[in-house]
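Peer 1: Listed here are the chains, written in short residue letters.
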Amino acid sequence: AQSVTQLGSHVSVSEGALVLLRCNYSSSVPPYLFWYVQYPNQGLQLLLKYTSAATLVKGINGFEAEFKKSETSFHLTKPSAHMSDAAEYFCAVEDNQGGKLIFGQGTELSVKP
Amino acid sequence: DAGVIQSPRHEVTEMGQEVTLRCKPISGHNSLFWYRQTMMRGLELLIYFNNNVPIDDSGMPEDRFSAKMPNASFSTLKIQPSEPRDSAVYFCASSFTVVEQFFGPGTRLTVL
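Each protein sequence line maps, in turn, to chains A and B. Numbering of the first sequence is given in this note's numbering, commencing with residue 1 and proceeding in unit increments. Numbering of the second sequence is given in this note's numbering, commencing with residue 1 and proceeding in unit increments.
Only chain A is shown next, with the shape it has when bound in the complex (with noise of 0.2 angstroms):
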């Protein structure tokens, strides 16, 4: 069965650092491969998506991830945090059995003044 590990549930960075939240997956075949992000009090909304096209991927936000395959990773970066970007972030692959996602504990990321 798919799996997806997010490395450290808390990241702190400061303001106008970069940001890197890394993500492995287990699979054989390149799943498809998401990021959401969830705000406090709200649901989770789509960062940006990994569908076999270009191994960068650029979301929303400043946010973009690049897909490794020969590391299984698919890490989310972003060049210059914002206090805005506090917030927890899930990584989560496509089940290789079709039809649902498999998502990662989460990373909380907080941005320092």
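In short, the hints are calculated from the structure, not lab data. It is possible that part of the hints are untrue.
One-sided and incomplete, this derived list gives chain B residues near chain A with beta-carbon spacing under 10 angstroms [unchecked claim]: (1) Val4; (2) Gln6; (3) Pro8; (4) Phe33; (5) Gly42; (6) Leu45; (7) Asn50; (8) Gln101; (9) Gly106; (10) Thr110.
So, partial list: chain B residues that the calculated Cβ filter (under 7 angstroms) puts toward chain A [to be verified]: (11) Leu43; (12) Tyr48; (13) Ile55; (14) Phe103.
Computed from a prediction, not measured in an experiment: that's the story for all the values here. For every residue, glycine included, the Cβ atom is placed at its ideal position computed from N, Cα and C.
Fit chain B to the supplied structure of chain A, relying on the hints for placement.
Peer 2: Positioned in the frame of chain A, the structure of chain B alone reads:
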């Protein structure tokens, strides 16, 4: 587009009472998902429907939980009887394909 609509947004009930959560998916979407989110267990998929048919209910915790989708525009998640450990935020999501799921704002359930 109104997005996925969930009601109520907040529910406080007493142990033993029946709770019904409601979801209206985005028009045209053919898959609907119910999730539960807690601090301890994170985000869990409870059940999902495709074309109104339950496909995978392996995440439903026990027989006290049931879900229905009588038509393409409405689904319910029922807990009977409710217990304090059911306290969580329950999300509904819909999609046209699995490529992107759209989440509702959630229902925060508190069982006293």
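Peer 1: Indicate, hint by hint, whether the structure satisfies it.
Peer 2: Hints, one by one, checked against the model:
1. Val4: With a minimum Cβ separation of about 8 angstroms from chain A (threshold 10 angstroms), the hint on Val4 (chain B) holds.
2. Gln6: Hint on Gln6 (chain B): holds, closest Cβ of chain A at ~8 angstroms, below 10 angstroms.
3. Pro8: Hint on Pro8 (chain B): violated, closest Cβ of chain A at ~14 angstroms, above 10 angstroms.
4. Phe33: Nearest chain A Cβ about 7 angstroms off; hint holds.
5. Gly42: holds (5 angstroms)
6. Leu45: holds (6 angstroms)
7. Asn50: holds (6 angstroms)
8. Gln101: Gln101 (chain B) check passes; min Cβ-Cβ to chain A is 6 angstroms, inside 10 angstroms.
9. Gly106: holds (5 angstroms)
10. Thr110: Thr110 (chain B) check fails; min Cβ-Cβ to chain A is 14 angstroms, beyond 10 angstroms.
11. Leu43: Status holds, d = 5 angstroms.
12. Tyr48: For Tyr48 (chain B), the interface hint holds, since the closest Cβ of chain A sits about 6 angstroms away, which is under 7 angstroms.
13. Ile55: holds (6 angstroms)
14. Phe103: This interface hint holds because 4 angstroms falls under the 7 angstroms limit.
Hints 3, 10, counting from the list given before, are not met by this structure.
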